[in-house]
Each structure stands twice: as structure tokens, then as C-alpha cells.
Amino acid sequence: MPDYTQYATGEPVVDTKAPEGPVNERWDTRRFQAKLVNPANRRKHTVIVVGTGLAGGAAGATLAEQGYHVVQFCFQDSPRRAHSVAAQGGINAAKNYRNDGDSIHRLFYDTVKGGDFRARESNVHRLAQISVEIIDQCVAQGVPFAREYGGLLDNRSFGGVQVSRTFYARGQTGQQLLLGAYQALSRQIASGGVELHARTEMLDLIVVDGKARGIVTRDLVTGKIDTYFADAVVLATGGYGNVFYLSTNAMNSNATAIWRAHRRGAYMANPCFTQIHPTCIPRTGDHQSKLTLMSESLRNDGRIWVPKAKGDDRPADKIPEDERDYYLERIYPAFGNLVPRDIASRAAKNVCDEGRGVGPGGQGVYLDFAEAIQRMGRKAVEAKYGNLFDMYQRITDEDPYTVPMRIYPAVHYTMGGLWVDYDLQTTIPGLFAIGEANFSDHGANRLGASALMQGLADGYFVLPSTINDYLARNPHTDTVDAAHPAVAEAVAETEDRINLLLSVDGDRTPDSFHREIGELMWEYCGMARTDDGLRKALARIPEIREEFWRRIKVPGTGEQFNQSLEKANRIVDYLELAELMCLDALHRAESCGGHFREESQTPDGEAERRDEEFSYAAAWEFTATGGAPVLHKEDLVFEYVHPTQRSYA
Amino acid sequence: MKLTLRVWRQQNPETPGAMATYEVDNISADMSFLEMLDTLNEELTLAGDEPVAFDHDCREGICGACSLVINGDAHGPERTTTCQLHMRSFADGDTIDIEPWRASAFPVIKDLVVDRSSFDRIIQSGGYISAPTGTAPDAHATPVPKPDADFAFEHAECIGCGACVAACPNGSAMLFTSAKVNHLNVLPQGAPERETRSWTWWPRWTRRALAAAP
Chain D
699 MPDYTQYATG
709 EPVVDTKAPE
719 GPVNERWDTR
729 RFQAKLVNPA
739 NRRKHTVIVV
749 GTGLAGGAAG
759 ATLAEQGYHV
769 VQFCFQDSPR
779 RAHSVAAQGG
789 INAAKNYRND
799 GDSIHRLFYD
809 TVKGGDFRAR
819 ESNVHRLAQI
829 SVEIIDQCVA
839 QGVPFAREYG
849 GLLDNRSFGG
859 VQVSRTFYAR
869 GQTGQQLLLG
879 AYQALSRQIA
889 SGGVELHART
899 EMLDLIVVDG
909 KARGIVTRDL
919 VTGKIDTYFA
929 DAVVLATGGY
939 GNVFYLSTNA
949 MNSNATAIWR
959 AHRRGAYMAN
969 PCFTQIHPTC
979 IPRTGDHQSK
989 LTLMSESLRN
999 DGRIWVPKAK
1009 GDDRPADKIP
1019 EDERDYYLER
1029 IYPAFGNLVP
1039 RDIASRAAKN
1049 VCDEGRGVGP
1059 GGQGVYLDFA
1069 EAIQRMGRKA
1079 VEAKYGNLFD
1089 MYQRITDEDP
1099 YTVPMRIYPA
1109 VHYTMGGLWV
1119 DYDLQTTIPG
1129 LFAIGEANFS
1139 DHGANRLGAS
1149 ALMQGLADGY
1159 FVLPSTINDY
1169 LARNPHTDTV
1179 DAAHPAVAEA
1189 VAETEDRINL
1199 LLSVDGDRTP
1209 DSFHREIGEL
1219 MWEYCGMART
1229 DDGLRKALAR
1239 IPEIREEFWR
1249 RIKVPGTGEQ
1259 FNQSLEKANR
1269 IVDYLELAEL
1279 MCLDALHRAE
1289 SCGGHFREES
1299 QTPDGEAERR
1309 DEEFSYAAAW
1319 EFTATGGAPV
1329 LHKEDLVFEY
1339 VHPTQRSYA
Chain U
40 MKLTLRVWRQ
50 QNPETPGAMA
60 TYEVDNISAD
70 MSFLEMLDTL
80 NEELTLAGDE
90 PVAFDHDCRE
100 GICGACSLVI
110 NGDAHGPERT
120 TTCQLHMRSF
130 ADGDTIDIEP
140 WRASAFPVIK
150 DLVVDRSSFD
160 RIIQSGGYIS
170 APTGTAPDAH
180 ATPVPKPDAD
190 FAFEHAECIG
200 CGACVAACPN
210 GSAMLFTSAK
220 VNHLNVLPQG
230 APERETRSWT
240 WWPRWTRRAL
250 AAAP
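Top line first, the protein sequences correspond to chains D and U.
Counting in the working numbering, the first sequence runs without a single skipped number right up to 1347 at its last residue.
Counting in the working numbering, the second sequence runs without a single skipped number right up to 253 at its last residue.
Misleading hints may appear alongside valid ones.
As the list claims (entries may be wrong) - Cut-off 16 Å, straight-line C-alpha distance, at most; resulting in silico cross-link-like pairs (EDC-like, lysine to aspartate or glutamate):
#: 1; chain 1: D; residue 1: 1265; chain 2: U; residue 2: 89
#: 2; chain 1: D; residue 1: 1265; chain 2: U; residue 2: 81
#: 3; chain 1: D; residue 1: 1251; chain 2: U; residue 2: 82
#: 4; chain 1: D; residue 1: 1251; chain 2: U; residue 2: 81
Read the hints as simulated data drawn from the structure, not as lab findings.
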């Protein structure tokens, strides 16, 4: 097999769907150009939606409202448990309800800049436009956003911006938005518009004559392998942060759906762009199964510090004020504790690397509310952050009202994902990717409170407008024949993989492999990457993969509820995805957003972006397991927000 | 610490289940309850036994997947979800009983995993506001008094785990159902469907009195 790093560069990939013209008119133009499907004909079209989070739930409900026949899947026992439920902080919208100078253009500007000039302008502008409608939609559904005494909606500010445009529902914004989408979806399930299959996992994509026509699934209760056919397939399966083993993702969030689609021909874009969230609870030991996020909103009132002296192990309250280093306020006086996530994360890593970290293993920094409690009073702090403080106390057994919280960065979100055009269609016709599963809107770094905005924008407003065009232009009159060779092949591959996993009967558990690949990725493809380190990881991954297929042990059978089998099957895909992430990180010899390359930094240690060489999205085409992929570049053009070296000082 | 676990094992809905006893050692007080079960499952897997099946996902107390009856209490001894319960709540040498939710509305799928789709059917029967995408007026068109918004939020917080059913001697879902009814009916947006969502509804004065209570 040729060297994985000797990838070829193929034809550029071009977004043919984004219209020309002024950026603020493009969405209207596209919606007008897009062909429509007659309301009476819509029920004849079946659309498969995989995933029921913010993007999937919203899309399933909206498509069914329009009259399409939706067949929807989630691996959880209920659509309400999709991991969007765990988003804490809030959702951005350019409502300018604060009259503080916000506008659609400013949200657009902030998001392009926050993404470090690696996102598509036309997509981001559309996102900012739609943000306004999302809040209206959610309020109409009964989402109980925080309100003021006058009865109007409250806002807070979030990292990386200087206006208050974030709507929130205490620390449970994701939960409330998801329940809104789930309830809208439930209404459609009751009326027969959506056929829901819970506890059912997508294991492969069926491509017939070059078009996405269905999926292969496994019923997680009975183990039955099934096929479902449709006129179009929508993947709303979230991000791939769990490749790192420890992350803020739910335990079962996985990359299988997007990776299987990638293997079938969908390009994977910017897979190295992962977001490391600065405010998570530090790990306590090897038993750690996941990391818990503390909402970034805490940085509004909490002050981040470490001791000035190395190895200072006095308790926080014994360290006098003048021996503390409020390093974010010191280095970035304009934004202080509210710098974007990548900057806050790296700064935390730097002070810990200097030996000034706090807590077990020195892997933590303080997030201190003493000053906020003095200024606002304990009651006000409780009202704003009560549930987060309670959660922190439950996990750590420390009282954050009296002892400063300890936080450390953790993998949180993946900006990369399946490459999509302006219509959110992948390189496989008829396969769409929405929400975190696609790559389009956040560039190299996502701003706080933007994930919920993008998931709902894609699900409620973008996809339901653009998928019409595909369905109208591709009226499938034929139903897919279950005996078609492409179907038989996809089913056979799925069954073979499951049988192989069950038959190895080795001596290592799925979790042991997951932890191993995760630690490797955190070490070499985490907060700071080097050419040398990435090459080490790329040499190691095929060895782990080989060992996996020799030593994996999956008890039980395939014809039953088998959580070990589910895990092992997902790890197979992590072991391939990890390799592509490292290669993408290796090839991008610049620092940008969440991707910090140590070889590319300014003399004072800040990230140095290299626009002349890397102002493009890297879309990778799969060739074979372990075989060098083909790179297709999508050039990024900035007409409205001109690239500058990001500065938050 | 060293613990004795007595765990409900049931191969599938058709086969009768029984309690099985396991010993676990080197359990740290900082582990979550589910991480303690992970430890047991790693040992079982290596020994060639099937690991104990249990539902879990976010492990942050918000998704509502985890669902264990621990020493007879839904979610165990602390007022939190199973995933947020830590081993510091137990002592070295303890014997811990671990069972699935006990309610006929939640049939066992395997071991500690139960079928809670009945909750989804409750929501499908009216636990929503009919607001098709694109029909909404500006969010500020209808101010909502803060006490009403807070009251709605407090009921909308329900994570749908099913502990209320598991804990109820009658296995009733009235807490789950009334939480959703209260969330939607108190809001002006939910008003048009108030009468069809639930047959009986507290008179408005009851709600006001409750909202005003400290």
C-alpha cells in the first residue's frame, strides 16, 4: 500500500449552488431559483433523515409539515435524547433587541472573523439572516427563553463578541430548543408525516446509479439488519469529537454515519478543525469516561487565574491577590476572559505547561467567582449560574461559591465534517448533511452559541428550501429494487463487518482501543500540533488498526441487544477517521482557529495564519482503508470581510 | 473501595431475569456510578461474559437516558440522575442492589435497559404547540410575564428519564404528563390548544397563586 501521506491533489471542488450578486441577496436569489415540488406531489417523495438533534429534529418536522413522507432514525431510545440536549449556554441571533449596534452584518462579520477566515461568506451570511427567524420560531413553539420583568426576552454576551445577542434558557438552552424540535417532530409522528425508528443505527449508505437512495440500519434491540429506501437522504448525525475518547460529547455520539457516507464517495472537509472548549471540569483519573463542560457563559463573570509562581500548591484562598496571574486579562485586555475559545484553551495549556496549573496533575486553572459574588451578591450569581454550580459540586465535591472552580480544556465540537455546497448537498447527489455533521459555517473555529443557531438554521429553514430543488429535478419514478447489486453489496459489507467483529474473540475490550486511539489523538492532534508529532500518529494508527482486528473481543451475538458490538463497530470508523484528521492537520502547515501548528506562530507565540497557501477548504476523497486520499481544494473568496490576522488583544 | 453488586440480569424481554452477584475492587470515590459499572463491564468482557446492559449517553444529567434503581431508589440515594451519582456516596464494603426501572409501562429490553417509548406517545398525543416552521410572528410580539415564563421553564426542565414512574407505587406517569401540560398551558403561545391538550386544567387563579409562592 502506498504511503498514506503521499496524497494526490485532484480537481478543485466548486460550490455551484451559491448565486452571484450581493451577499445579502444570495439566499433570496437561491430560494427563488430553486425548483419547487407541487404540494400534492410531496407525499410521493420519501426523505430519510438520520438523527433527531436540533438539525435532524427540525428538518424532519419541517419536511413533514411541507407534506413530504419522512422516515427518521435515531440510535437513542427517544428523539429527545439527541446530544443537542446538553448544550448549555445559548443561541445567537442578530435581533439587536439590546440596541447595542448589532445587525445581521455584524453577526456575519463576527462569525467569519471568529472562524478565522476559513468559512464560506455566502453560507455565513445566510446563517446570520436566518438567526432572526429561529428565535421567532422557537418562541412560537413554547421554548421558555429567559425573560425580563417586562416580559421581553433577555440576552447575554458570549466569548469573542462585543454585543449581547445570545438568547438562553438558564444553562439548559440546548435542552429547551431540542424539546421544541422534538415536540414539533412528535406532532408529525402523531399525524403520520414522520415514521420514526428509534434505537436504530445507520451503518451504511446505499448509492444507486451515483445517487443516494437509502441506508442500511441495525435494529439495536433485535440486531436485525434492514434497508430503507428514499428519494434523498439527510444526515444530521452530529460531530466526531468522540474520536478523542474523552470529550464533552455523549458516550454514544459517533462518526459512523458520516464516515460510511465518506467511504461511499462524499468528501470530508477540514477534518482537523476540532474545537477544544476552555471551560470543562478537569479529569480525575484513568476511570474517566467523559468530560463535562461548564458553560462558557461562566466567563462573563468568572475570572480565570493561576498562581504566578511555578508549583505553588497552596489552596486558592491562601494565595494573595498579588501572587495571582489573571493571565487572560493581562494578555488580552480588550476581551479579557471573553477571548474566543481556541485562544482561551491554548492560554490554559501554556500556563499548565509552564508548571503553574492547579489541581490533580497540575492540569487545571481557576475560574473564580469571588469578585462576582461580591459585586452582584450570591443570589444573583445563583440565579444566573445555579444549575452549573450544582453540577460542578456534584462532580467534584467542591463548593464553587467558596472555592474557585477548576477548569481545563476538552474536545467539544468539530467544525469539520462532510463537504456540502450552498444547498447543503454533499458530493453524492441526493445526500445532504446538516448541523454539526457538515463543515460549512464555522470555518476553523466556532464562536460560542453558534452551534445551536446553525443546527436550527439548517434544519428549519435551509434544507427544507434547498432539498425541493433536488427532488424536483430528480423525480425518482422507480423504487429501489432490494436485489440491486449496490444494495446487496452494502448489506453484505455491513454483515461481514459485524460477523468479523464477533469472530475475532481476542483479548482486548473495545474501550481499551477507543482509549488508546483517543490518547494518541489528544497528544498529537489536540490543542497544538507539529509535523513531527502528526507523522508519529500517522505511523501508529495503522498499527493500532491491525492490532484491533487481531485482538478485539466482542462478547455476545449480533442477533441481540449488544452494546459491546455497537461500540466496536464505531471504533472501526474512528480508526480510519483519526488517520484522515492527522493527515489534514499535517498538510495544513498553518495555524488557524482551532488548529494550532507550532511551526506557524508569530514571534510572541500567537497563531499565524498563512492565507497565500491555505485560504481554502480541504475536501478529501476516500480511496481505500489506509490508502492515500485525494485532496480537492475549494478556494475561499472574501469579498466582504477582509482577512486580517485575528487579534483580540 | 471494594463493593458487592447485586445486578438484575435478563437476556431479553421473553426470558425471566434474576439478580446476579459480582464483586468489584479498587473503586475510587471520584468515579461516577456509571464509571463503576464500566469497570465491572471491562472485567466481565475480558472474562468472556456479557457485560451488563444499561442505558446511558450524555453522562451530564440532562439527556435522561440513565435509569437505574439503586438500593430500591430510582437514581439512588442522592437527588440527582444516576450518571451524576458518585461513588463517594457509598462506603467500602457496601452491597449495592442495581435494578431496572420497575413499572409495567416500561418493559425490560435487556438487563437494566427498559422501553420508555410510552413517554414519546404521551408527547405525541398533545405535548406540543402547533407552530409550523415559518409561521411565527416576531418573538417580542407577545410579551410573557416573567413569573409565567419561569413557571413554564421549571416544568419544561423535565428530562423524561422516567424516574417518577419508577418511583410511583402505582407506576403512574402523572408527574411527567402534568409537567408538559403546565409548561405549555401557562404560555400564551400554548393557549389556543389548552382545552384540547388536557381535559381538565387548573383554573388560572391556582396557577397565579403557585407562581407567586416563594
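So, going through the hints one by one against the coordinates:
no.: 1; hint: D:1265 to U:89; in the structure: holds (14 Å)
no.: 2; hint: D:1265 to U:81; in the structure: holds (13 Å)
no.: 3; hint: D:1251 to U:82; in the structure: holds (12 Å)
no.: 4; hint: D:1251 to U:81; in the structure: holds (11 Å)
Comparing the model with each numbered hint stated earlier shows that all of them hold.
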